[in-house]
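Asker: In case you want the letters, here they are:
4 protein chains.
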Amino acid sequence: MPVKVGIVGYRGYSGAELVRILQRHTGVEPLLLEHRADNGPSSGLIRDDGPPVLPCDAEIVAKEGISLVFLATPPEASMELAPALLGVNCRVVDLSGAFRLRTPENYAAWYKATHTQPELLAEAAYGLPEFCRERIPGARLVSNPGCYPTAANLAIRPLIEANLVDRAAGIVCDAKSGVSGAGRKASLTTSFCEVTENFSAYSILKHRHVPEVLLTSGLEESEFSFTAQLIPVDRGILETIYFRTVGVKSAEELVGIYQRRYQNEPFVRLYHPGRVPDLHAVAHTNFCDIGVVFDPATDRAVVVSAIDNLVKGAAGQAVQNMNLMLGFAETEGLL
Amino acid sequence: MPVKVGIVGYRGYSGAELVRILQRHTGVEPLLLEHRADNGPSSGLIRDDGPPVLPCDAEIVAKEGISLVFLATPPEASMELAPALLGVNCRVVDLSGAFRLRTPENYAAWYKATHTQPELLAEAAYGLPEFCRERIPGARLVSNPGCYPTAANLAIRPLIEANLVDRAAGIVCDAKSGVSGAGRKASLTTSFCEVTENFSAYSILKHRHVPEVLLTSGLEESEFSFTAQLIPVDRGILETIYFRTVGVKSAEELVGIYQRRYQNEPFVRLYHPGRVPDLHAVAHTNFCDIGVVFDPATDRAVVVSAIDNLVKGAAGQAVQNMNLMLGFAETEGLL
Amino acid sequence: MPVKVGIVGYRGYSGAELVRILQRHTGVEPLLLEHRADNGPSSGLIRDDGPPVLPCDAEIVAKEGISLVFLATPPEASMELAPALLGVNCRVVDLSGAFRLRTPENYAAWYKATHTQPELLAEAAYGLPEFCRERIPGARLVSNPGCYPTAANLAIRPLIEANLVDRAAGIVCDAKSGVSGAGRKASLTTSFCEVTENFSAYSILKHRHVPEVLLTSGLEESEFSFTAQLIPVDRGILETIYFRTVGVKSAEELVGIYQRRYQNEPFVRLYHPGRVPDLHAVAHTNFCDIGVVFDPATDRAVVVSAIDNLVKGAAGQAVQNMNLMLGFAETEGLL
Amino acid sequence: MPVKVGIVGYRGYSGAELVRILQRHTGVEPLLLEHRADNGPSSGLIRDDGPPVLPCDAEIVAKEGISLVFLATPPEASMELAPALLGVNCRVVDLSGAFRLRTPENYAAWYKATHTQPELLAEAAYGLPEFCRERIPGARLVSNPGCYPTAANLAIRPLIEANLVDRAAGIVCDAKSGVSGAGRKASLTTSFCEVTENFSAYSILKHRHVPEVLLTSGLEESEFSFTAQLIPVDRGILETIYFRTVGVKSAEELVGIYQRRYQNEPFVRLYHPGRVPDLHAVAHTNFCDIGVVFDPATDRAVVVSAIDNLVKGAAGQAVQNMNLMLGFAETEGLL
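Chains as they are written, first to last, in the working numbering: chain A, 2 to 336; chain B, 2 to 336; chain C, 2 to 336; chain D, 2 to 336.
Where hints are given, some of them may not hold.
[To be verified] When the alpha-carbon atoms are kept at most 30 Å apart in a straight line, the in silico DSSO-like pairs for lysine-lysine are as follows:
| hint | chain 1 | residue 1 | chain 2 | residue 2 |
| --- | --- | --- | --- | --- |
| 1 | A | LYS207 | A | LYS113 |
| 2 | A | LYS113 | D | LYS250 |
| 3 | B | LYS250 | C | LYS186 |
[Stated by the list, open to error] According to the in silico footprint, chain C covers these stretches of chain A (three or more CB under 8 Å from chain C):
| hint | region |
| --- | --- |
| 4 | 70–78 |
| 5 | 156–164 |
In case anyone wonders, no lab produced these hints; they're calculated from the structure.
Cβ coordinates follow ideal geometry from the N, Cα and C atoms, glycine included.
In isolation and in its complexed conformation, chain A is listed as follows:
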């Protein structure tokens, strides 16, 4: 019998992607949980075969026997909903930034807001399975990583672990994201005419995803320069990462570091030295693709890391976490 799981925020881009993935999953039955009063425009279809819709209410969640709820909501809504759901023994995967930064002080510094659930913040497991797989199966609350940090950490942390980076010279991460990363809402900034035939940088050096990279990679803020940029595509993140190496002789050696680190990881794919991924390689997949270019004469290295921001950067990774929490194969519904 399938396990019942709920989705709050199913009309957003990440939420809709969750619905698509969970409908392919053989072990769960998705239910849509309506949080906001306004229930939006219908599809117009006479026979609309989507999952059933219920009010997002802890009592109803309990009565329906929903085991796990995905929160594809803004941080404020997640801080409100998570304790209520946990209170009826429903586990939670939160896709917002509410539970990613460990301390209320760090949250306040980067999100410019007070954290209302400091105990849950301390308790939450960070859901980047490639580096935090141990805590996820037993967690009540898993905090799904940000899209930018997912692509950054999978590319950077193995290099830091292997002690190959000239940290004094710093790491530059020039990140580009499709517009769906900004969420589904009316906004002049993300309107078609403002975005098409354009390319723009924002939150230079100060993006709220930066501290997630620092926490996972072990870098200091002074060692990590990050720029987020909006590209005129619907989905996809590509990060071009620059650094200088210490004691590296060849591109093969750098690729080898990744190969060893990720040999058992189903969702990280590597490229031959000198080859790098583009967005098409990862669109609509849960893969993070990584490629390396290296100039041994000058120790300059460039790593390109690409994901689909709505899949490995949001809904796909959330289902990967759910699979670990509920005991399914980690790849179920995701290949």
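Position chains B, C and D against the provided structure of chain A, taking the given hints into account.
Answerer: Then chains B, C and D, alone, in the frame of chain A:
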């Protein structure tokens, strides 16, 4: 000495296009008139060389000696501003739909709103110079045509005048527009992720631009089927027009009708029989390009009409009207 | 044990979509058949988990026990490969236009080329399951319909069968297609800078897909005006179809015609009267979505029909045909 | 009487932009010089008002009295045509990479080809007016800079001159370009379906524009990491430049360096500290826009530099050079 002209709504797409065109015009000095309190984000440029900004106030307009004001505003704002400006002897070119339909009843039927200025509605000259050039020079208030009707009427009216269309079979006008036609505003419908990789029809058979086509072409509503459609481009309108001919022997004959009608028109360009324009042909120009495909064996004809919705469909045509009103060469600033 | 199926032309857009769908299919094992010498650029991935590649050779196909081959090739290649494959008792689903038009004369008239396999042309079953389901299971050679005719016939034929269309006034089908419909090849016409911010009509009244619509719908060429148009999107076809009705009282009545005709069809979806699909509704699905707008006062009707050109318009429908030929559930791999 | 100037390669994107600009220029009469036999498809327009077309032949150029020719051609064609034109006392602005690198050895190293005109290579003046204005007026042959180096050098060289950069840590230049930078040609790489919804890096660390940056800025190759990337837009280059400062206290100080350096430059625009340009700010203009973000606590700086690759990155800068060579105002035709 240049003539002073004002622009209300200069932050919108049509308004910004007006500013660009008027800055190239050798006979006028443009001034920006701030109508709404919120004055929006600045460009960030240290030295911003745009025209000066004044409050949009009839007294100030009079004191500054502004001869003519363009209203690139919604119909409600135009109905409010036009009488005040005319009251201080300032002439007006209105780019909204407020003054296009001649009677309050027709306006109410298509705009679903009450017209508050019926006398001005009766007085306004319709600013499609190719067909209404006589009344424009002396008019106090010129109503700039809608973008869809401009492309439609320039293609259809010569055929109706020449009595070549099988009106009983009807004319189909399948119209496609870039997103800037919807104006500059926050809206989910025109957000990048909703529009990119999409194509959608709206206001099928009931678009508020339909009555403008009927008034200018002389067609009955039952003879004219019109669909507006949104394409993922910034600017441009292309209309594919289908009809059956009566007594036409060749495509050359059809093209000849247009050639004779438009031989002295600087802004209508014609194509060799069998060739048709695309959007690139007219982008950033004030041209309306028209091409004809005809099958003499079955009397089926297809006419393609293309304009830039922000130029010939809005700001360019408004300047063309201004040129006629102020006695400049009709093409000044527009070639 | 899975049935082995081969794909020729797997690097093209339709071929790559076939591979994606067949990898999800639980009953078949896909194999890639290399037809051209040049084997193209590799992905760069160190571990590339695609299906195995074999030379496209009838003997090898026989030896490997491949039951069915998809030809995602140009008509000339299909005319060459089909007889060789049928000769070793391998069944064929051809995605090209080679076997769609029944007679060599009709083929010559629309494709401007000689048909080299007139017997196979006569034998081939037309693979539009919603109208030709009977002949497909037993066919050796199934000709997969064109993308435009699929969307057109599913919208038009029920109306013609029900005798509701004023055929004397004619039907207009204004069709728009994403660029992938032109195939994967170097071409200035489909290069990014020529297509972006553009919209262009081609093959007006004379597109080679027209005779497929006539054959399936029963319309005469004089009754059907068709324009194909290129939109700046990757995938999707939307057709806006105009006609006048005879004896119809309401939009509900028109929608009801479709509901009865398609009540058991898994891949046709209908909209409430007055609502119509857009491309996003069908992207990456095998659905054909149909919506109706009707003005009972003037008998004018507009039907919008939308498909994904690479799925229901090519690879998805080809798998639907394969499912019928090999005895799988018709929807296997396609929901 | 206007000066006659010729354009070779007028069908390419840079060439067509040259034609547009020169038609607005009050002091020259443009003529199109047909270099290749195939003269391409016509526009279809019955009355095509473009400049006259002549064969590209030195004798004809001399006879017509053409004073200056723009070569919007590949390097091989430029190396062939430049000596012939100079031989008839016609001056040349070359938009290719043929004459940018000063020595045949450097050319061979980066262009992987033999330079056939080493004397002209030594003679050519590098046409970046903001830094090389002195030599341009008297030059017979001006080599128009590459698009990427124009944006890079205008942003980097003032910082190097002012000795503010920690060169040991290196400068990273993450560059993004619209597709028109690849030229107008049939190519799978630049076809719509490969580019749309994609983002891809190429020539990482090894782009042939790198040596131009080194020559102008004075940086060593080991100090400069450059990646070129293709974005799904028609036109525009945006470069995000990362470095660490030495002895800088504020963003204002960094912006001040640029303000002093460029106070008399008509085509460089600066932003308030913390603000940066996007592509829309410079589209269809000859401006290079520069903005600075700085973190004084960690000495990390990010500079964003944006141009229109077809204007300041090609045709506009070529006309700017022509204006200097022929004694026109530097901004004529360009504002």
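Asker: Does each hint fit the structure? Answer for all of them.
Answerer: Okay, the hints, checked on the actual structure:
A hinted pair counts as satisfied when its Cα atoms are at most 30 Å apart, and LYS207/A with LYS113/A qualifies at roughly 12 Å. Taking the CA atoms of LYS113/A and LYS250/D, the gap is near 26 Å; set against the 30 Å cutoff, the hint holds. Annotation: proposed proximity of LYS250/B to LYS186/C is violated, straight-line Cα distance about 39 Å (limit 30 Å). Using a Cβ-Cβ cut-off of 8 Å, 0 residues of the region 70–78 of chain A lie near chain C, which falls short of the minimum of three, so the contact claim is violated.
Counting residues of the region 156–164 of chain A whose CB falls under 8 Å from any CB of chain C gives 0; the rule of at least 3 is not met.
Hint compliance for this structure: hints 3, 4, 5 are broken, all remaining hints hold.
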